[in-house]
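Turn these sequences into a full structure, and let the hints steer you where they fit.
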Amino acid sequence: MSQSNSLNQHTPLEYSTEDGRLKIFGFWVFLGAEIILFSCLFASYMVYLHRTAGGPTPDDLYDVKEFMIETFLLLTSSFTCGLGTHELRRQNKMGVIIWFIITLILGLGFVGMEIHEFVDYVGEGAKLTTSAFLTSFFTLVGTHGCHVSLGILWIIGILIQTARTGINAVTARKLFIVGLYWHFLDVVWVFIFTVVYLTGMVL
Amino acid sequence: MSNIKDYLLHDFFVTGEPMIYMADVSIVLVTIAIVVVLTYFKKWKWLWKDWLTTVDHKKIGIMYILAALAMLFRGGIDALLMRVQLSAPNLHFLDAQHYNEIFTTHGTIMILFMAMPFLIGLINVAMPLQIGARDVAFPYLNAISFWLFFVGAMLFNLSFVIGGSPDAGWTSYTPLAEKSLDPGVGENYYLLGLQLAGIGTLASGVNFAVTIIKMRAPGMTLMRMPMFTWSTLITSIIIVFAFPVLTVALAMLTIDRVFGGHFFTATAGGEPMMWANLFWIWGHPEVYIVILPAFGIFSDIISTFSGKKLFGYNVMVYSMVAISVLSFLVWVHHFFTMGSGAAVNSVFGISTMAISIPTGVKIFNWLLTMYRSRIKFTVANLWSLAFIPNFVIGGITGVMLAVAAADYQYHNSYFLIAHFHNVLIAGTVFSCFAGLTYWWPKMFGHVLNERLGKWTFWIFVIGYNICFLPQYWLGFMGMTRRTYTYASGLGWMPLNVISTVGGFLMGIGFIIMVYNIYYSARYGERDTTGDPWDGRTLEWATTSPAAEYNFATVPEVEDIDAFYDMKKKNKVKEWLNKPIKDIHMPNNSGRPIIMAGFFFVAGFGLTFEWIWLAIAGLVGVFITMVLRSFEIDNGHHIHKEEVERTEREAGRIS
Amino acid sequence: MKRIKTSFKLVALSVVFLLLLTGCDVPVLQPQGPVGEQQYHLILWSLVLMFIVIAAVFILFGVIVFKYRASRKRTDNYEPEQEGNKKLEFIWTIIPIIIVLLLAIPMTITTVNLEKNPSPEKKPYVVYVTSAQWKWIFGYPEDGVESVNVLHIPSDRPVKFLMTSEGAMNSFWIPALGGQKYTMNNMSSTLYLEADHPGKYLGKAANFNGKYFAHMNFNVISQKQSDFDQWVKQVKTHSPALTMSEYNKLIKPSVVDVKTYSSYPKQLDTKLENMMSMEHMTMKNSGDMDSDMSGMKGDESHE
Ligand code: HEM
Ligand SMILES: [Cu+2]
Numbered sequence: 001m002s003q004s005n006s007l008n009q010h011t012p013l014e015y016s017t018e019d020g021r022l023k024i025f026g027f028w029v030f031l032g033a034e035i036i037l038f039s040c041l042f043a044s045y046m047v048y049l050h051r052t053a054g055g056p057t058p059d060d061l062y063d064v065k066e067f068m069i070e071t072f073l074l075l076t077s078s079f080t081c082g083l084g085t086h087e088l089r090r091q092n093k094m095g096v097i098i099w100f101i102i103t104l105i106l107g108l109g110f111v112g113m114e115i116h117e118f119v120d121y122v123g124e125g126a127k128l129t130t131s132a133f134l135t136s137f138f139t140l141v142g143t144h145g146c147h148v149s150l151g152i153l154w155i156i157g158i159l160i161q162t163a164r165t166g167i168n169a170v171t172a173r174k175l176f177i178v179g180l181y182w183h184f185l186d187v188v189w190v191f192i193f194t195v196v197y198l199t200g201m202v203l
Numbered sequence: 001m002s003n004i005k006d007y008l009l010h011d012f013f014v015t016g017e018p019m020i021y022m023a024d025v026s027i028v029l030v031t032i033a034i035v036v037v038l039t040y041f042k043k044w045k046w047l048w049k050d051w052l053t054t055v056d057h058k059k060i061g062i063m064y065i066l067a068a069l070a071m072l073f074r075g076g077i078d079a080l081l082m083r084v085q086l087s088a089p090n091l092h093f094l095d096a097q098h099y100n101e102i103f104t105t106h107g108t109i110m111i112l113f114m115a116m117p118f119l120i121g122l123i124n125v126a127m128p129l130q131i132g133a134r135d136v137a138f139p140y141l142n143a144i145s146f147w148l149f150f151v152g153a154m155l156f157n158l159s160f161v162i163g164g165s166p167d168a169g170w171t172s173y174t175p176l177a178e179k180s181l182d183p184g185v186g187e188n189y190y191l192l193g194l195q196l197a198g199i200g201t202l203a204s205g206v207n208f209a210v211t212i213i214k215m216r217a218p219g220m221t222l223m224r225m226p227m228f229t230w231s232t233l234i235t236s237i238i239i240v241f242a243f244p245v246l247t248v249a250l251a252m253l254t255i256d257r258v259f260g261g262h263f264f265t266a267t268a269g270g271e272p273m274m275w276a277n278l279f280w281i282w283g284h285p286e287v288y289i290v291i292l293p294a295f296g297i298f299s300d301i302i303s304t305f306s307g308k309k310l311f312g313y314n315v316m317v318y319s320m321v322a323i324s325v326l327s328f329l330v331w332v333h334h335f336f337t338m339g340s341g342a343a344v345n346s347v348f349g350i351s352t353m354a355i356s357i358p359t360g361v362k363i364f365n366w367l368l369t370m371y372r373s374r375i376k377f378t379v380a381n382l383w384s385l386a387f388i389p390n391f392v393i394g395g396i397t398g399v400m401l402a403v404a405a406a407d408y409q410y411h412n413s414y415f416l417i418a419h420f421h422n423v424l425i426a427g428t429v430f431s432c433f434a435g436l437t438y439w440w441p442k443m444f445g446h447v448l449n450e451r452l453g454k455w456t457f458w459i460f461v462i463g464y465n466i467c468f469l470p471q472y473w474l475g476f477m478g479m480t481r482r483t484y485t486y487a488s489g490l491g492w493m494p495l496n497v498i499s500t501v502g503g504f505l506m507g508i509g510f511i512i513m514v515y516n517i518y519y520s521a522r523y524g525e526r527d528t529t530g531d532p533w534d535g536r537t538l539e540w541a542t543t544s545p546a547a548e549y550n551f552a553t554v555p556e557v558e559d560i561d562a563f564y565d566m567k568k569k570n571k572v573k574e575w576l577n578k579p580i581k582d583i584h585m586p587n588n589s590g591r592p593i594i595m596a597g598f599f600f601v602a603g604f605g606l607t608f609e610w611i612w613l614a615i616a617g618l619v620g621v622f623i624t625m626v627l628r629s630f631e632i633d634n635g636h637h638i639h640k641e642e643v644e645r646t647e648r649e650a651g652r653i654s
Numbered sequence: 001m002k003r004i005k006t007s008f009k010l011v012a013l014s015v016v017f018l019l020l021l022t023g024c025d026v027p028v029l030q031p032q033g034p035v036g037e038q039q040y041h042l043i044l045w046s047l048v049l050m051f052i053v054i055a056a057v058f059i060l061f062g063v064i065v066f067k068y069r070a071s072r073k074r075t076d077n078y079e080p081e082q083e084g085n086k087k088l089e090f091i092w093t094i095i096p097i098i099i100v101l102l103l104a105i106p107m108t109i110t111t112v113n114l115e116k117n118p119s120p121e122k123k124p125y126v127v128y129v130t131s132a133q134w135k136w137i138f139g140y141p142e143d144g145v146e147s148v149n150v151l152h153i154p155s156d157r158p159v160k161f162l163m164t165s166e167g168a169m170n171s172f173w174i175p176a177l178g179g180q181k182y183t184m185n186n187m188s189s190t191l192y193l194e195a196d197h198p199g200k201y202l203g204k205a206a207n208f209n210g211k212y213f214a215h216m217n218f219n220v221i222s223q224k225q226s227d228f229d230q231w232v233k234q235v236k237t238h239s240p241a242l243t244m245s246e247y248n249k250l251i252k253p254s255v256v257d258v259k260t261y262s263s264y265p266k267q268l269d270t271k272l273e274n275m276m277s278m279e280h281m282t283m284k285n286s287g288d289m290d291s292d293m294s295g296m297k298g299d300e301s302h303e
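Chains as they are written, first to last, in the numbering used here: chain A, 1 to 203; chain B, 1 to 654; chain C, 1 to 303.
FYI, nobody ran anything at the bench for these hints, they're computed from the structure. Certain hints may be false.
As the list claims (entries may be wrong) - Quick list of the computed label-pair ranges, beta carbon to beta carbon:
(1) 65/A <-> 221/B: 52 to 58 Å
(2) 30/B <-> 54/A: 33 to 39 Å
(3) 75/A <-> 221/B: 39 to 45 Å
(4) 46/A <-> 97/B: 34 to 40 Å
(5) 343/B <-> 122/A: 41 to 47 Å
(6) 149/A <-> 102/C: 20 to 26 Å
(7) 101/C <-> 590/B: 54 to 60 Å
(8) 160/C <-> 329/B: 41 to 47 Å
(9) 248/C <-> 504/B: 44 to 50 Å
Only a predicted model underlies this, so the values are computations on that prediction, with no experimental measurement involved. For every residue, glycine included, the Cβ atom is placed at its ideal position computed from N, Cα and C.
Next up, the structure:
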């Protein structure tokens with residue numbers, strides 16, 4: 001017991017147990033695999049970028065205002081998620097819950113807008129089945145969207161646990177990991193923003 | 001009503017083939033037999049509590065190996081059927097469609113459902129023991145990995161009796177594997193069976209990497225790890241980087257086939273060759289995923305039975321690292337003939353040949369490990385010794401294939417077939433048999449019979465050479481792979497007959513091995529010491545079979561070959577008599593198998609394109625995950641007294 | 001050096017020769033033209049180098065395993081603590097590097113050469129190759145005829161194959177004349193081969209493309225130019241013309257006999273030419289082109 005106390009002063013709570021350390025490290029390794037997964041999707045997107053088969057092109061589809069708002073929502077949510085993790089370090093349960101709920105709302109806004117965007121595209125006749133370009137577009141952006149949605153559900157689950165049991169080694173580890181995940185998705189979005197939307201507008 | 005009946009008879013169940021009815025009947029009979037036996041001996045509870053819900057790495061390892069042996073049997077039957085069909089020109093033993101399905105399932109099963117799980121099973125059994133750990137880093141995840149692999153394999157095998165088998169080769173090249181050219185559910189089975197198993201493998205990779213990096217016994221620096229553990233670490237890293245590529249490729253083709261996408265179609269801007277690239281970007285590292293652990297096994301076994309340190313330990317490690325890096329840079333050698341231009345082909349030809357350099361270094365280090373040693377010809381070591389010359393032939397022909405301009409003449413011919421069997425069998429399969437024999441006592445507490453083992457060894461190795469050496473020549477004669485028959489008058493028959501004979505010899509060897517397992521379980525010599533081979537690494541420092549907690553007290557490591565070092569310094573007694581504390585262990589859980597069951601449902605739903613079923617399965621998966629997240633599971637403690645009792649019974653402390 | 005090389009080649013040659021004595025056709029090792037010959041030399045050279053490696057490893061292996069068996073009488077040569085030897089390890093890193101270099105250089109040269117006309121002084125005869133499920137369709141644009149499942153070429157003259165595929169991909173292989181190349185949907189690939197003499201060779205589909213893949217063999221008939229012209233004339237007078245609808249029927253999955261046609265629709269030429277020019281452009285518009293072209297395939301509508 002005394003050992004874990006002395007650890008407490010230097011080590012954050014989420015790293016205080018062997019279990020926590022292993023799981024956090026394991027999650028980093030898993031993120032390595034995720035990077036490869038998204039790299040493949042990005043590479044395919046680049047290959048198919050001009051294979052529009054007479055269907056809509058990036059130019060016809062992307063709407064600057066829409067993806068700027070999406071980007072804004074997600075980047076802000078990453079920031080608030082960071083603030084949540086900061087509160088976690090201070091072991092402030094209320095702060096953690098509030099910041100993570102704000103993150104959730106922003107995330108939901110992002111997913112909502114993305115769904116809206118997809119529905120719009122389909123309305124304009126830009127379906128997954130239209131061309132290789134669109135197949136790869138929907139797959140890349142959709143995979144990211146699915147990740148974000150899963151992240152939202154995950155955060156909800158962990159918040160319930162935090163509300164119930166307070167901040168302890170287990171919830172701290174979970175909050176920290178989901179935070180990592182959220183930041184990771186944010187970074188992926190930055191790439192989507194540049195590779196898909198910006199490049200699509202320029203080329 | 002008659003509609004449904006029609007559907008069931010024509011599309012759902014595969015009908016019209018005696019062989020398939022036989023399979024149907026035997027599946028039903030075997031299932032009934034299993035149920036009856038379990039009920040009669042009141043073993044249901046034992047099965048559930050001790051095996052199906054276990055998170056113990058050793059038991060999971062054993063289950064992997066059992067499943068892999070079953071798959072080896074299925075893949076082997078496929079192989080023999082092909083060999084019979086090819087033993088004479090214009091034979092009608094199998095028809096074209098049937099042959100195509102069989103070579104597809106043979107290749108897929110042997111690589112993904114036999115070789116990989118066999119090695120992962122051996123890793124599970126031995127690696128945590130080798131590093132002096134109590135279990136892997138994430139035991140619960142380990143169980144999920146196993147069950148995902150298992151349901152993936154089951155889903156894939158189900159295609160034989162329900163819906164129809166895949167028939168586009170284990171490489172599943174597009175656009176042939178696209179819906180327009182290959183309707184039906186066969187290819188979907190391939191995609192989803194592999195997807196499920198692949199996710200399980202990815203999880204294993206993460207698990208093993210974290211285990212090795214974080215959970216080694218005190219004193220075991222990276223450069224003191226047993227070579228098998230090193231090979232596992234490197235393999236795990238390759239898995240983490242390579243398997244997501246497979247995940248993506250399979251998902252893309254699934255999107256094409258099930259949702260009408262255009263990634264690899266020949267229309268609407270699709271790019272069929274993209275599949276070949278993605279497949280082999282995963283595929284070549286995959287080849288090394290199944291050979292590096294084999295290298296590790298041979299290293300440990302050769303050093304043990306030579307009674308000598310591994311020669312050039314550091315270089316062995318560096319060369320494995322070099323191989324793992326290069327393995328990601330050579331994938332184009334699988335399609336030199338696509339016409340990517342002389343520059344691309346030459347670069348990839350040279351990078352491929354470069355792999356032979358670290359590999360050659362390893363071969364010489366193994367040879368020199370035996371220099372001035374005392375070689376014992378046990379069965380495990382015989383497999384390892386046979387590996388060296390046989391694998392060299394495979395490696396050499398690999399270099400020949402890497403010569404791009406010459407490859408234009410070998411590609412897709414039997415020369416290629418002979419090459420990869422020469423490496424996969426002499427490398428992976430020999431290592432599986434070697435490892436199985438070597439670690440058998442650690443798994444079950446008795447050694448396998450050496451006499452029967454030698455029979456298996458000689459028959460299998462001779463059969464293997466008879467089977468595959470002639471195929472090089474068949475390649476020169478122009479015989480292409482995946483051809484269900486050939487015209488007479490080409491002079492191909494004699495060599496094909498020889499090859500078939502060899503194939504059957506291997507089958508006989510396998511049967512003797514299975515008999516040996518039965519025989520040794522009944523009459524085999526018990527291993528009471530825990531160290532039947534005068535071992536050098538830590539798995540031999542504990543009992544056979546190892547207790548649930550592996551080691552009563554965690555060993556301390558001072559050198560490479562930690563256990564040999566301990567024995568040499570007379571420190572074993574001292575270590576065993578260290579004070580024993582309570583040991584914390586993870587709890588069993590039924591959730592992994594249930595979750596995998598839901599994955600199966602989702603996979604089956606997508607295979608048949610019943611989206612509602614797929615969604616239902618995924619919801620089930622999600623619910624099991626949520627339940628896990630909300631569960632408070634702190635594991636349990638094995639009390640000191642109980643550990644002491646167990647150790648005393650094993651005669652390890654007084 | 002040169003002398004060593006030739007003497008090793010002699011050894012390899014005699015081994016190959018012995019095996020050939022069995023009397024069968026081994027087309028890869030009995031090349032009938034300059035392309036196959038270049039590859040044959042490369043194969044021989046690699047065999048030589050590989051035999052050296054095999055010999056070294058096998059001898060070392062045999063000696064060590066025998067000499068250091070545990071049951072031997074001598075026991076003073078046992079060194080359990082031996083760890084390694086930097087010098088030795090260095091040597092056997094260098095030797096494979098040298099071998100790889102000895103192989104890589106000729107490989108690169110030949111690989112580059114094979115992209116080019118093997119007899120630059122002669123103008124190549126052009127043949128269009130299309131693989132379909134499960135047949136080969138050959139067009140002879142210079143003479144305007146077409147054949148199915150049989151290939152006629154003039155001997156002693158390079159042939160430039162411009163290749164594509166309807167549907168599944170395949171690989172065009174005439175072992176006696178030289179190595180294969182893929183035929184791919186919506187893409188063209190180029191392969192040069194040349195037959196030194198008149199003769200009849202085995203042609204193969206090498207890449208699996210579905211059910212009756214095994215039936216996609218064809219005869220390659222190499223003839224003196226005059227005989228070849230004779231054949232063309234005969235086809236022109238005796239065979240029916242290939243219409244577009246007949247062509248569309250032909251590319252549907254089926255196994256068919258040998259056929260010849262006195263002429264073929266112009267669209268088939270333009271189709272290949274389009275693909276050729278497409279490959280020179282950036283891939284920018286290929287998507288659109290695909291859809292244009294699939295219109296030409298008539299009944300094959302997408303969606
Ligand atoms: C009893 C031993 C075996 C025999 C007789 C055998 C025979 C064959 C034959 C005849 C083929 C060629 C099918 C064709 O292309 O027409 C083949 C392909 C193949 N074999 Fe084996 N095999 C054996 C064991 C194995 C093992 C142990 C592995 C893997 C570890 C393996 C992996 C493969 C693969 C990947 C292919 C290519 C499949 C394809 O092209 O789709 N085989 N085998
Ligand atoms: Cu490879």
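Structure-based check of each hint:
1. 65/A <-> 221/B: 52 to 58 Å: holds (57 Å)
2. 30/B <-> 54/A: 33 to 39 Å: Since the Cβ atoms of residue 30/B and residue 54/A sit about 55 Å apart, the hinted range of 33 to 39 Å is violated.
3. 75/A <-> 221/B: 39 to 45 Å: holds (43 Å)
4. 46/A <-> 97/B: 34 to 40 Å: holds (38 Å)
5. 343/B <-> 122/A: 41 to 47 Å: Given a distance of about 43 Å, which is inside 41 to 47 Å, the answer is holds.
6. 149/A <-> 102/C: 20 to 26 Å: violated (57 Å)
7. 101/C <-> 590/B: 54 to 60 Å: holds (59 Å)
8. 160/C <-> 329/B: 41 to 47 Å: violated (33 Å)
9. 248/C <-> 504/B: 44 to 50 Å: 47 Å Cβ-Cβ, so the 44 to 50 Å window holds.
In summary, the structure is inconsistent with hints 2, 6 and 8 from the numbered list given earlier, while agreeing with the others.
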